[in-house]
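J.: Fit chain Z to the known structure of chain H by using the hints.
Read top to bottom, the protein sequences are chains H and Z.
When we follow our numbering, the leftmost residue of the first sequence carries the number 1, and every step to the right adds one.
When we follow our numbering, the leftmost residue of the second sequence carries the number 1, and every step to the right adds one.
Among the hints, erroneous ones may be present.
Cβ-Cβ distance ranges computed for the label pairs, FRET-style [to be verified]:
#1 Z:K150 <-> H:D50: 16 to 24 Å
#2 H:K356 <-> Z:T133: 34 to 42 Å
#3 H:P193 <-> Z:I23: 27 to 35 Å
#4 Z:T133 <-> H:G309: 50 to 58 Å
Simulated from the structure, these hints should not be mistaken for lab results.
Idealized CB from N, CA, C, for every residue including glycine.
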Amino acid sequence: MNRRKFTLGMSLATMASILGVDIVYGGLMPKGYHPLGLQDPDPFELFNKDKEMVVLNNKPWNMEAQAHLLNDKITPNKFMFIRNNGRIPESIDVSNWTLTLDGESIKTKKTYSLSELKSKFQHHTYKLTLECGGNGRSEFNPPAKGNQWTVGAVSCAEWTGVRLRDVLEDAGIKSDAVYIGYHAADTHLSGDPNKEPISRGVPIDKALQDETLLAFSMNGEDIPLAHGHPLRLVCGGWPASTSGKWINRISVRNKVHDGEKMGGTSYRVPCETVAPGSEVAESNMCIIESMPVKSLITYPKSGALIKEGQKLNINGHAWAGELEVSKMEYSIDFGSTWRSCTLEKPTNRLAWQHFKATVSFPKKGYYEVWARATDSNGKGQPMILPGWNPKGYLNNACHRIAVKIV
Amino acid sequence: MGDKFQKQVSAFSKVLLSFLVLILVLFGGLYYWSNQKPKPKIEEIPVEESIEDYDKVENGIHVATGFIDDEGMEATIQNCTSCHSAKLVTQNRMSREGWKATITWMQETQNLWDLGTNEELILTYLAKNYAPTTKGRRQNLENIEWYELK
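Isolated chain H (complex conformation) (with noise of 0.2 Å):
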């Protein structure tokens, strides 16, 4: 990677903060150079991320977690994904921090201030699932275009915030607003200021759900500036591009909000399945809302080898966006024959949920492991690829494992 352009064009403020110290005579520094500490930026330590988290991307910064890394029940700082469609705000002032509420279908134009949010509202606590709407799309045939994600670009925190509904009945809605829309600090690639990297947002009735967050804690800590400290949008069960970091207004619209990356084929799929590498009209392109039915055995990690006779314990995650996971199965003979797992009720809505079993293994070979989660509408994940789509998104193919028993 290129390590100077990293550090071009940062702040001082951002350079000092990153470094952990002032730099002393930073104003006679000239102007472009770069202080040996932010030569090497190594992105585990710019984000405190663990070290066997995949960079997919180093501008704008995108990173994944590997199966195994999710096993916990609350995904932890160092294992959440990062997706970035721009820059990272170099300043953050949080005493200044703002939040405006605008539009057309807002009563009156509102603009609060962080702390006014915080003393104002009750705060809510909830682990919400966010998985990237592109999670999987390394799969796809053809291939689609963008960050190559694995499997790893989910994770389920605990945010605490106050919610968005009473924000907006505080500022008053009219009875036409159907979309909500956020705005963020972050900056374009291309360093125009006119350009918003990214400007999503749901409907109305998502917005007004006792789970969509104004949040500004994750883990009982300030959200990381990697994952929109010091106020983030979030929408547990929908693409994660809809729960928008570093925050600073929220447009209630009247018809759907039409942000960068709400049209083209931009978090779009087509409103029809069409065949793998279909040219699409954009007119046939419909916006995702809530994501798949899906899981992951994040235990244990693939490539295991075990003791002839010796059983396995197997467990992970399952979650279906706006929906419960009723059933979870695994399969250790391609998905011939499937046995039940043990699963846990959510511990609140939009929660992911953890499964466990058992397996035993009747004579010495290769298998893999497949997990197959269920919905409460009885959709099931495939085995195979589903439906392609331009950009690969929606990938909820069943996870699989490799197992040796030796």
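T.: Okay, now just chain Z, sitting in the frame of chain H:
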């Protein structure tokens, strides 16, 4: 305030001057050094001892960016990595039409400039080195690191 600014300007010019001297010494030295040594016989042997070693190629891969070393790579680096990283290119596989459509999309929506005569060079490079392979509906589990599970 004005005094402080004056002082800063003067301090800055001193720093700048010392940098200039440093650069002069460095380049003078380099010039002297390069004239002392005979020209290398084979092109691909890296003789540059520069800190960045930006041109280094290992096993056909340009180390600094990860791009496949082939005709058109320079133009691709120059035009395609100023906004986003090389990784966004190298992790993708597209046909010539796909790469062309991506460039057009970036020009229409992401402030990418007109690539001029370089477009042909870049498209040929990308289509040749980053072409799609057929993966089928589900691939074998690969790159498994086997370990003993107690």
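J.: Next, verify each hint and record whether it holds.
T.: Do the hints match the structure? See the list:
Judged by the Cβ atoms, the range 16 to 24 Å given for Z:K150 and H:D50 holds: they are separated by roughly 23 Å. Under the hint 34 to 42 Å, the C-beta atoms of H:K356 and Z:T133, about 37 Å apart, fit the expected range. Between H:P193 and Z:I23 the C-beta distance comes to about 33 Å, which sits within the given range of 27 to 35 Å. The supplied range of 50 to 58 Å is broken by Z:T133 and H:G309, whose beta-carbon atoms lie about 41 Å from each other.
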